[in-house]
Structure formats: structure tokens, C-alpha cells
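With our numbering, the residue at position 128 of the sequence shown is 123, and numbering never jumps.
Since the hints were made in silico from the structure, they are not lab data. Warning: the hint list may mix true and false statements.
Straight-line distance between alpha carbons at most 35 Å, and here's what the computed DSBU-like set of lysine-lysine pairs gives [stated by the list, open to error]:
1. Lys87 <-> Lys5
2. Lys40 <-> Lys60
3. Lys63 <-> Lys127
4. Lys162 <-> Lys87
5. Lys41 <-> Lys14
6. Lys222 <-> Lys197
7. Lys87 <-> Lys127
8. Lys162 <-> Lys285
9. Lys14 <-> Lys49
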Amino acid sequence: MGTSYAYFKKQIIPLEDAKIGVMTHALHYGTGVFEGIRGNWNDEKKQMYVFRLKEHYTRLLSGAKVLKMDLPYTVDELCKITIELVRKCGFKEDIYIRPLAYKSSESFGVRLHNLECDLLIVAIPWGRYIDKDTCHCCVSTWRRPDDNVMPPQLKSTGIYLNNAFTKTEAVENGFDEGIMLTPDGHVSEGSGENLFLVRKGKLITPPICDSILDGITRNSVMELAEKELGLQVVERSIDRVELYMAEECFLTGTAAHLTPVSEIDHRKVGNGEIGPLTAKLKDLYFEAIKGNITKYENWCTPVYNL
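Whole structure, please, built from the sequences with the hints as guidance.
This is the structure we're talking about:
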């Protein structure tokens, strides 16, 4: 149901008509920043809810600034364009929205300065990213770069080669996902997800300074854990061995939602099943993103005029 369109060159056009030139700077040098945004279909309400739209565009504009892009949009303008795009597509299923700000000059040469920039947004149907109830992870041989090499807080296209190495290594070795360590050996994150552990009744997650993306889903889950379940959430460095000692573990991200981890490096997490706190958080999270919890309705932007 629905048809894919793109916002491209300041207009909404059929997705197949949105094309860039082969010399586009971002294509050659990874000079772009992007977001992944979920639209979640609520069949009972016959409504599409876009999750934390303003937060995503705030992060996009912040990243664009770091890459010396002067985009002619406000957060509110980008939100309005996105809702118009999704409404035009007419989807009545879960979707994924990809805004990309990129250096659009058709020019060779390694730099960020003296280059034009542009913005595109696409929306496509997309269900589960990790299509399993629980996932098996490995600790990757690929390390997460630190802030002085390639800032992990920046959702840039170039840094995702690191993530791609991690994902492919994991899958080709029989796992679902890889977990990267920091340069000094602490747990960082998955190839496209933040990571949480449960130990001794506490929810533990790596801090921003341990080479992680400041995840929007991560922050949402932390808020749900504290306010709805009364959990103590601790942001601290995590040693590798703690992955094997965890009572529960799960990943969070726009694509992955909240995905329980049942095994790490061929070691069961807990009893190998979804842990009780993980299950409660997962249920809360999915209710929230579908606009079913009044308290968190401000997280969800409705698309269709009912």
C-alpha cells in the first residue's frame, strides 16, 4: 500500500526520479550526514505516527553544522516537509524515513569548505531490521573510532564504513550483530544500535564519551525505564567481560527498535531467553511509539488527517 516519493531539489517527486550526478562530492568522499526516522502504523487508530521527529532533525542540523553545511531549513520546516512527504506516499504500514544532507558539488578534492550542499528525504516501507525475537551477537574485531579520529556522535555517511565492517563480519561468522569496543577496550555499541545491560537490578549503558551515538531511541528507553519501571539507569564504561556476566542485554536503535540479545560470543545471556525487565521495556516502548501512551504522545507526530 502506498507509493514511494522523495523530497529532492526542494520538491516532492517520484522516488525513481530523484537522481544525483556521478561526480557528486558526497558519493566519493562520504561528506554527508543522515538520520533514520521511523513511522509506525497503528492499525487500530488507522494512523501513522512518526517517532521523535523534532529530535531527529535537531540532530541532523547539528551534524550538518559540523560538516560546514548551511542548510536553509529550520527544524519545524523539515518536520512539515516530512509529514507532507509521508502523507503523499500514503503508506499504511511501518516505514523508514531517511533524510540525507550532503555535499552536492560535482567536484573532486578532499575538503569540507567551498562546497555546495543539498538535502534529500526518502520514505519507504520497512518492517523489522533484525528479523528475530532475540539476536546472537559477537564482539567485533573492528574498534569504534574515538572523537579525534571520526566523531561517533556525528551520524555521518563516512563513519558508517566502520559499522559496515562490523555488521558483515558478524553475519559472515554466523551472528546477527557485532558489538564494537572503544580504542581502549570498553564496550561501545552495535553496528547500528546502542547497547544496554541489566546487572543487579540496574540498567547499565555506555556513556556518550565511550564512542557511541547519542541515540534518540536510547534516550527514550532510558526515560521509560526510569519513569515507568523505576529502574536506576547507570551510564558508565562497561568492560568486555561484563557482557558475559550480564543478566539481560538488549540493543536499541531506530531500525532495530528494542531487540533482546540472547547470546554473546556463544555464551548465553542469562538463561538465553528474553529477560523480564527487557520484556517490560520492550512492551512499553512499542506502546509508546504507536501513540498508545498518553503521557508520551508528544513523542509521536500523526501523519493523516482523520
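Contradicted hints - numbers only: 2 and 3
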